[in-house]
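Following the hints, position chain B against chain A.
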Amino acid sequence: MSNNIKYWKGEEELNRDPQFLADQKREFGEALPLEQALSDEGFELNSNRRDFLKYFGFSVTAVALASCSKTKVRYAVPYLVKPEEITPGVASYYRSTCGGCNAGCGVEVKVREGRPIKLDGSRDSVISKGGLCATGQASILSLYDTERLANPLIKNEEVTDWTSLDGEIKSKLAVLKATGKKIVLLSDTINSPSTLRAIAAFKETYTNVEHVSYDAVSYQGILQANATDFNKRSLPHYHFENAKAIVSFGADFLGTWISPVEFQADYAKNRRPSAEGGMSVHIQFESTLSMTGTNADHRFPMQASKELANVATLYNYLAKAKGLAQIPVPANSELAGNAIEKASKLLLKNAGKSLVISGSNNTEIQQLVNAINMLLENYNSTIDLTNQSNQFSGNDTAVQAAFEGLNKGSISGVIFYGSNPVFNQNKEWAAAIAKAKLSISFAATKDETAAVCQYVAPDNHFLESWSDAEPLKGLIHFTQPTITPVFNTRQAQESLLNWAGALPANEIDALKNKAILSQKIESSSFYLFVKNYWEGLIGAEDFQKALEMGGFELPKTEGIAVYTGNVSALAASITKAQASTGYDLVLYQSIGVKDGSQGNNPWLYELPDPVSKVCWDNYVAVPKSIAVKLGLDEESTVNIEANGVKYENVPAFVQPGQANNTISLAVGYGHTHAGKVGGSLEKGFAPIGVNAYPFMNTTRDVLIGDVKITKGSEKYILAQTQTHHSIEGRDLVRESTFTSWKKNPNAGNEKSAPHIYTIWEKAEYRKDGSPNHLWGMAIDLNACTGCGSCIVSCSIENNVPVVGRDEIRLRREMHWIRIDRYYSFVTDKEKMTREDDIADVDAYDKGDFKHWENVSVIHQPMMCQHCAQAPCETVCPVLATSHSSEGLNMMTYNRCIGTKYCGNNCPYKVRRFNWFRFNDNDKFDFHFNNPLGKMVINPDVTVRTRGVMEKCSFCVQRIQEAKLTVKRKGGNMKEVKIETACQRACPSNAIVFGDLHNADSEISKLHRNERAFSVLDELNIQPSVKYMTKIRNTETI
Amino acid sequence: MIHDSLIRERLVTGDKTAADVTRDISRPILNQPSSAWKIGFTLSLIFLGIFGVSLFWTVWTGIGVWNINKSVMWGWDITNFVFWVGIGHAGTLISAVLLLFRQKWRMSINRSAEAMTIFAVVCAAMFPVFHMGRVWVGYWALPLPNSFGSLWVNFNSPLLWDVFAISTYFSVSLLFWYIGMIPDIATIRDKVKTKTAKFWYNFFSMGWTGSTRSWARYELVSLILAGISTPLVLSVHTIVSADFATSVIPGWHTTIFPPYFVAGAIFSGFGMVATLLVVARKVMNYENYITIGHLEAMTKIIMVTGTLVGIAYLTEFFIAWYSINEYEQYAFINRATGPYWWAYWSMMSCNLLAPQVFWFKWARTTPWFIFTMSIVVNVGMWFERFVIIVTSLHRDYLPSSWVMYSGSLTEVGLFLGTFGIFFTCFFLFAKFLPVINMSEVKTILRNRE
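Sequences listed follow chains A and B, in order. According to my numbering, the first sequence is numbered sequentially starting from 2. According to my numbering, the second sequence is numbered sequentially starting from 325.
Hint data in this document are derived by calculation from the structure and do not stem from the laboratory. All values derive from a computational prediction rather than experimental measurement. Certain hints may be false.
Reference excerpt, derived from the structure (chain B facing chain A, CB under 7 Å, subset only) [stated by the list, open to error]:
1) 453
2) 457
3) 461
4) 481
5) 484
6) 721
Here a beta-carbon is modelled for each residue, glycine too, at the ideal position from N, C-alpha and C.
Next up, chain A with everything else stripped away, as it sits in the complex (with noise of 0.2 Å):
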């Protein structure tokens, strides 16, 4: 068969035809519609079944493409020029200076990609010495507050723009020069050397300008008692790393007084008890129980208004022992069992090394304390009035006149700076500030007095700020700015330098317009203010050096102050004092909310008191003699009325240890435009608490008396973290006295460790010798003063969020690190522990409750106590609790399903559940609950979700964090300090971590001392946790 069968498509090949073979030589057979396509034809549908698959096909594809795609896109924007400084992910540290009160601590900021997140005290400080109170901790939340103001505002209005601010206010203040009306700046103290430059200058453009400064809580009576006694009005710098023997009326020196987180150092020094250097003795008579005198050895309740006779009373017996005269006194001047006369043969024997010290207002009273000082020789040893304390020197009288001035319009303008009168003076200044012609305030929020202002130039924070500071003559602090002012805002001292004309000339700054964070920092006119000054001082090298370091101390000036006081002139006051007839009233400072100018910031109100452990409301503390007297329970509220004011339902707390006649109240709550946390009116937000400084009257004085008390109708319960307070006399503190430890260091430890029967061998990671590492923590009971810095600290560190007070009244709150506090009641027999025996003493009482009076206190911190043998991990269904080989009980959030078993099986109810979500939830509106609160959240630490367990990680992330140092820029481990945030934070180094293997560290040390014992050892849960004996010095007197 021939192969030429011949196949065809068409008729068209078959016929070959031409026009067909022509088209075959072509690419596209057919004509393309190319015509049609582009004329206006082609935009219609009249594709045909091949487009329509071809698009079917593509769309369908693409379709499946983009929903492939899961997740929102969120973009993270790089940074277009990196800052040299900033390596993402690793934090850099600024030194500066504590804005959180007017002491004036040296801080260390830390901040992470652009953002502070952590204050802690910075170690070259004088006043720090490395810790930093809850106060100072929570001030940079305020950085990131929501009721800052983002823009000036005039008469209430939000104006974007700093020119007409600047022009309306400039122009208002030349008409008032010109017409020679008087201007007040009311300040706080101010120390800083160029701010007082800025008021100078503005001063110098504004002759009719008076700077007056005020401190919400005075100090007018030591301030004018020395002013009369040494013809010097300020401070002096207290030495109390000095003094073996500590007497304190009434002055909570360790809390609120002064310089807190500086006595506290260094009033620790002493209190460890030492072989060598002794242990120092500390007498505190007052009449409500602070935390200072928790802290005592002798704590004797002394009613407040007879503190000048007490006082008095101690000079005698020290005037008696060296032959000097001595001031008549009123009968009954001496304390119950004359504890006055022992505190003065404590004092005679430590003469030249011992301190005296009153927190009272009275300038009387700081009258005789000086005399006594100076009897004691105490100056230039305990006392230096030379190189004194520029933190507090707010005149008092200064103030009075301003507020009448400007009601009966003699001054026409006031600026307010750090002040907020309306508050913390009483509310009469609103209408007098109506009056002024002009009124400005450069508070960073709307607050009571900004409110009513016509102007407020809001001051960048101080974590935003160039400053200085000298809180002690001759020490300077700089501040240093660690992010670009969140807000339109502007330093205060820049707005008064630019309305006195009087800024310095801008360096032309290539970049300053890059917004790049360094050269828009040194480019602010402030900036150079201070620069200029201080390198003309000292030379630019050592202005960089001292900013690097935060400060520099110049050296001290030498010679004693002159005393020319005389106590002789007091007499006629004295005899003439009568203690009130009626119920005394002290006015104190919270330890977290302190004077109140951090109005809305929820980690102080979340921080339970020291003592009575109550969080988010001030109370009027009563002693037990007046609660039975009225008949008030837990959930009783009073009304109280003195000088004038009325409150009605106030919430009552029983503190024991409150002097009988005696109640007490906090300053710094009732904001009435403090925000959403602190209460607004405006916003519609009720206050916190009753605002306590309308009782003052003019002499600031703290002490109201004849206040008049009766129980309220209604019932408010508080929150309270701590609702147990007797330990039922347990084993769980050991205590002892110094006395039995000279002779014994195991005094009060002696009980035997337990004996364990055990058929396991102990794991390989705890024996010694082992090469990893073995993480402990060792707390000195001795040193831990009580103060819950430690507890903001580590709030801050590990993201803990503030749950409310509601929550908190469940008992619910999230804290890691708590201060169980637990009062043992003293008879003159015995001292009580237990709840029943108090109750048959209280049974048998005739209504003095003399016992209530006498409690005696112990702190003691409580976190998670990673026990070798842990008791929550072994119950844990799905492992979520674990243990590491490194002595770590370690917390899954991840696998957590939320059985809580753990939490239950925990002897020390360290374990904190998620009972919701706490972070983007409008139920727990706090910093979690917006972007600008979020920026402090340390991004080291998970946020954790709803329904997981927490608890104490010993700062995981920190010791993750030397590790990878050491493995990345080489060393050794055992040369790397690793902080926890507690123990970071600690004033008086209370708290100490770090690795059991290495036998020469400080932890493997302490863990060996005599006085280490772990509480609930007899469970042989082997916690890693280990305390030191509680000495108290109170055979001594």
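Structure of chain B alone, referenced to chain A:
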């Protein structure tokens, strides 16, 4: 022929014939539901609704809607869990243990007791499941191979033992109940009229023909299952008690717990059976099947187990004193005299004192009184679990963490809601399945031909 004893009461009274039995027991299934049933069922549905709302609120918002706190992390939830598991005990005890002991009186009550067991276990399971903070990952408590890495469960944890114990108990009980029901379902299958009913009863009767071979195997399977179930009666509550006994909390860490919990479980289980049967025999007209003799037998068990539990309470006190362990001593003194004294004394009077009335014949044979007492028993047993869980936790080692706790509305709602689950199931059971084991009861009729 069955020998008619002169001294022993008849197990089924009223001279019932086999046909009577079938007629009586299948009556509720074949007829329209009675108005009593309708009212009861509606009420149960309302309670079921309460459960739904409370559960939704809990899961939606967080466990925080309960009032449990930093120290008392288990409250009403686990109290209810142990309470319901306890109730679940009577079923297995009646069907398995009494079967092995050849106690024929069990025949007319074992079906409903077993049903009660299953429903009670369902109610009980709600609490450990939904007390989890993250219930959506609760399946991690099961030893399932997974792709999360090397994650596995912790066999040391009593909670995991619970998972196994409860699920085993539930499956065995369900199987036992169902297999026991097959001949009866087949009887119903032959009687129902509608197509749907025929289909379902046919399906569940598994082609039962009633052949001798079927019966022989049925008997054998029952015996085997009874053998498997018997240790479960002891094991389940032993393991539940281990949740507490293996912990370190004073008041929980007690070796007496396993026998004490088992006795308590039987006690409460019989209490619940008595509650149900006293009502059911009246409402459903089963007085001839569930006789006074049955009630009397149950009251005797209640009295014995109640006394056992009471002795356990006293032993705990003795041991606390004898231990010279101050935490242990305080825990028990606190139970009796602390802020929760009322719970403790409710428990004592309901569980130890109240059942002593059953020494009297009148008390054992008066249905309304037995009903009242059965409620008292269950109130007491709820308090027992509350006392163990809450009073131990609210004051444990460190007095600084001592707190008070009282249930929130949601917690109360969940508890009441589980009665909704329980009774909804029970009413459906009473409507659609034979409440009494017809085939077994027929074997103990006196006039059996």
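Hint-by-hint comparison with the structure:
1. 453: violated, 10 Å
2. 457: holds, 2 Å
3. 461: holds, 5 Å
4. 481: holds, 4 Å
5. 484: holds, 4 Å
6. 721: holds, 4 Å
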